[in-house]
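Protein chains in written order, with the working numbering: chain A, 1 to 730; chain B, 731 to 829.
Do not rely on the hints blindly, as some may be mistaken.
Claimed, not checked - Coverage of chain A stretches by chain B, computed from C-beta distances (three or more under 8 angstroms per stretch; other residues unrestricted):
#, stretch
1, 195–203
2, 485–492
Unchecked claim - Non-contacting residues of chain A with respect to chain B, defined by C-beta distances greater than 12 angstroms in every case (computed):
#, residue
3, M5
4, I56
5, R184
Claimed, not checked - What follows is a set of in silico ranges between Cβ atoms, one per label pair, in the way DEER data are often shown:
#, chain 1, residue 1, chain 2, residue 2, range
6, A, F13, B, P739, 51 to 59 angstroms
7, B, N764, A, E423, 51 to 59 angstroms
8, B, N764, A, D60, 52 to 60 angstroms
9, A, V331, B, A820, 28 to 36 angstroms
10, A, F57, B, G758, 33 to 41 angstroms
11, B, A766, A, D60, 52 to 60 angstroms
12, B, F821, A, E243, 22 to 30 angstroms
13, B, A766, A, E107, 29 to 37 angstroms
14, A, P202, B, A766, 50 to 58 angstroms
15, B, P799, A, F57, 17 to 25 angstroms
16, B, E796, A, I329, 43 to 51 angstroms
17, A, A199, B, A820, 44 to 52 angstroms
18, A, I329, B, G758, 34 to 42 angstroms
19, A, A550, B, N764, 21 to 29 angstroms
Quick caveat, the hints were computed from the structure, so don't treat them as lab data.
We put the CB at the ideal spot given by N, CA and C, even for glycine.
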Amino acid sequence: MEDPMAAIRETFFQECEEQLAELEAGLIAMENGTAEVETVNAVFRAVHSMKGGAGIFSLDALVRFAHVFETALDKVRSGDLAATPPVLAVFLRAADVLADLVRAAREGGSVDETRTAALVEEFNHINDAGANAPPVPPAPAAAPPPETTDGLFEDAPQPPVWKIVFTPRPELYAKANETALLLRELSRLGEMRVTLDAAHLPDLNVLDPEGAYLTWHIELVSDCDESAIQHVFEFVEDDCTLEITPPVAPGFAPGTVITGDNGFKFEFFPPAEDEPEAEAAPEARAPDPTTEAPVPAVKEIPVPAAPKSPAVEAMAAKAETAAAVSATIRVDLDRVDRMIDLVGELVINEAMLSQRVMEAGINRASGVAMALEELEHLTREIQDSVMAIRAQPVRSVFQRMPRLVREVAAQTGKQVRLITEGEGTEVDKTVIERIADPLTHMIRNAIDHGLESTEKRLEAGKPAEGTVKLTALHRSGRIVLEVSDDGGGINRARVKQKAIENGLIAPDAQLSEEEIDNLIFLPGFSTAAKVSDISGRGVGMDVVKQSVTALGGRISIASRPGRGSTFTLSLPLTLAVLDGMVISAHGHTLIIPLGAIVETLKPRAQDVFPLDREINVLALRGGYVPMVDVAASLGYCDQFVEPEQSVALLVEGEGGVRAVLLVDAIHGQRQVVIKSLEANYRAVPGIAAATVMGDGRVALILDVDAVVRNARSEAGRVEARADLPALEAN
Amino acid sequence: MTDGLELPPVLDLIAAPGLLEAFVGRRGHELAVNAAAVQRLGAQCLQVLLAARAAWAADGQTLRIENIPDDFSMTLELMGVTSADLAHNAFTDGKELAA
């Protein structure tokens with residue numbers, strides 16, 4: 001059976017991720033000056049919640065760090081500390097450390113202790129500075145101290161004593177909250193005396209182990225305000241009875257000793273040495289002056305429980321509203337994936353049924369055919385709805401980037417501002433998970449190679465702070481992600497020179513600007529004079545391209561000298577379905593992704609030029625495009641088809657690289673459900689995946705980029721041999 | 731005859747039913763509870779320990795809590811209890827039902 005605590009722990013970490021994202025977003029809003037009053041509260045709550053949860057799981061390092069962070073945030077919230085840029089810089093770095101601590105707690109491993117310790121030190125300075133700020137007026141009324149029986153502390157200032165009565169309900173424990181942790185949290189606010197009331201504890205034989213029978217009476221000696229106490233109980237207030245009585249007359253000693261019906265009593269007061277009769281006369285007990293706050297002993301004066309403050313009422317109301325509005329549930333991703341798979345099967349079955357109906361010669365106007373059409377619409381709608389369940393905003397990826405920018409900026413000594421747009425753009429979760437790495441590298445690259453140094457920027461009349469912009473938007477059924485910088489742009493002369501030096505192109509090759517820009521995606525290409533830790537040896541952009549290609553995406557560059565560069569990623573919205581062109585090659589049915597097809601054409605004999613026995617190029621609008629016989633390239637046949645006997649599909653691979661695919665016939669276009677070939681069979685070169693057609697047969701989905709890449713390398717080889725001009729990309 | 735009971739390291743809400751069962755099954759006998767392994771104590775197990783102490787006191791039986799780790803003591807203290815509140819000596823404390 002699954003360990004319930006493990007499940008709760010996992011939920012805690014999921015919530016931590018959300019809270020870290022909220023923390024980061026809030027701090028950035030504060031930094032940008034777009035924060036509202038509620039933003040500061042949200043930031044505080046995020047850290048506070050993580051601390052509370054971490055305490056339950058005894059994640060001490062996390063609790064300790066969150067506590068110092070929270071203390072500083074609380075000072076900002078209460079107006080004792082100004083959120084100046086230096087303070088916010090510390091907060092942002094602290095958010096990074098907190099994220100590291102959460103990750104270390106979740107996955108094991110360690111964090112940079114030195115960095116954590118340094119930040120704690122900075123927080124201590126900040127908190128001290130906050131403490132030196134003009135104090136807020138004390139909340140309790142300055143009532144004269146009451147007459148005392150011993151007169152020892154008549155003139156001593158009396159710290160305010162809060163009285164708190166806390167009675168958990170069973171739900172509090174069922175939600176994995178724990179009294180001991182709440183009390184520990186409360187004890188951080190000041191000196192505390194706890195009295196346990198076990199009056200309602202039943203006999204052992206009838207005790208419900210999951211019940212809640214105890215009440216705690218707490219006397220807290222603290223200058224804190226009521227909200228600080230309420231915050232300790234913030235997440236349990238619906239699951240307990242809580243009474244907080246403000247200090248009305250400072251200095252009253254507690255006199256309550258709770259005696260249970262079953263004859264035993266509990267006290268937390270350390271026994272006063274000078275009060276041997278304490279047991280006999282507990283009402284008059286005095287606290288130990290050596291350990292307790294100097295409060296005079298008096299008879300217990302009943303203090304009526306204060307009604308819940310408006311703040312508490314408001315919070316309770318807010319919690320209720322939130323519960324009503326937030327109609328979301330957490331669902332295990334496996335379940336959603338399973339559902340998507342099943343809907344995929346439904347789509348296939350529906351297609352098969354349609355085909356059977358057609359084969360049976362049933363009239364299209366018949367009731368069966370019409371009902372089938374309705375079923376088709378419904379199936380498509382179900383599929384869209386199910387896909388929408390797994391769609392997520394790219395925010396989760398975008399939110400990782402500010403930290404990256406800070407770190408890379410610090411490493412490179414550059415001043416960088418990150419602007420993000422379109423965080424709410426939704427895309428399938430399977431795609432989101434795989435765009436983080438390419439984006440990370442592109443942003444590193446934009447800062448490390450794209451942006452100039454501060455000196456150079458100032459020389460060029462630009463602001464010292466460089467800008468990197470990350471944008472997401474939907475376009476033509478795909479998600480487009482752009483990373484742009486306002487740096488120097490691609491130095492094409494240098495890029496070309498480097499490519500020649502590395503033997504990637506012929507010294508006299510005539511390349512368009514676009515082709516030169518695309519050279520940076522070649523394996524092993526690097527223009528950085530000095531290899532840096534940040535972007536590595538230029539392998540990154542190659543890897544970026546590969547991973548984007550593997551996702552069925554495209555990447556392109558637009559660069560203007562002195563003005564900066566923009567890298568554009570275009571990705572499918574989902575990896576579950578694909579719009580494809582159904583074609584046949586040597587009797588085999590294949591699917592070619594529609595997104596890759598630029599146009600279809602019928603080649604004319606006079607436009608086809610043989611380069612050698614195996615390679616033909618097609619003259620197309622002033623350029624030459626290599627031709628690929630799909631059947632031959634996949635090994636279906638040895639004989640090459642005559643180009644003029646075939647149908648040609650002009651396809652575009654990554655970076656605008658084009659080729660013409662020759663096939664026997666086009667049978668139409670349709671949406672297909674992608675089935676992984678690797679998972680169900682094994683990887684096949686030139687094939688991206690498979691699908692099941694309406695007739696029940698498996699059709700392979702062509703990996704256009706792999707086929708084009710092969711064609712280009714073949715053509716490149718021949719080109720070098722024939723010393724032909726470079727192939728035009730357009 | 732003195733029965734023995736070893737407390738598990740984690741006395742949280744999940745451990746409470748088992749702990750209750752362990753005490754109920756040993757009722758009527760002098761009991762020595764070994765707390766040496768306890769690392770964490772939650773309020774629901776504390777309820778069981780307190781109810782057990784009351785039951786043993788009512789029965790006039792001795793209930794000892796032995797080898798209390800410091801962390802355990804501190805948590806008890808935080809919750810307003812001392813380790814002495816969990817034990818009952820039938821000889822010195824007598825039967826408490828009538829108290």
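Results for each hint:
| no. | hint | in the structure |
| --- | --- | --- |
| 1 | 195–203 | holds (count 6) |
| 2 | 485–492 | violated (count 0) |
| 3 | M5 | 7 angstroms, violated |
| 4 | I56 | 9 angstroms, violated |
| 5 | R184 | 6 angstroms, violated |
| 6 | F13/A - P739/B: 51 to 59 angstroms | 22 angstroms, violated |
| 7 | N764/B - E423/A: 51 to 59 angstroms | 56 angstroms, holds |
| 8 | N764/B - D60/A: 52 to 60 angstroms | 26 angstroms, violated |
| 9 | V331/A - A820/B: 28 to 36 angstroms | 56 angstroms, violated |
| 10 | F57/A - G758/B: 33 to 41 angstroms | 38 angstroms, holds |
| 11 | A766/B - D60/A: 52 to 60 angstroms | 22 angstroms, violated |
| 12 | F821/B - E243/A: 22 to 30 angstroms | 41 angstroms, violated |
| 13 | A766/B - E107/A: 29 to 37 angstroms | 32 angstroms, holds |
| 14 | P202/A - A766/B: 50 to 58 angstroms | 29 angstroms, violated |
| 15 | P799/B - F57/A: 17 to 25 angstroms | 19 angstroms, holds |
| 16 | E796/B - I329/A: 43 to 51 angstroms | 47 angstroms, holds |
| 17 | A199/A - A820/B: 44 to 52 angstroms | 24 angstroms, violated |
| 18 | I329/A - G758/B: 34 to 42 angstroms | 48 angstroms, violated |
| 19 | A550/A - N764/B: 21 to 29 angstroms | 59 angstroms, violated |
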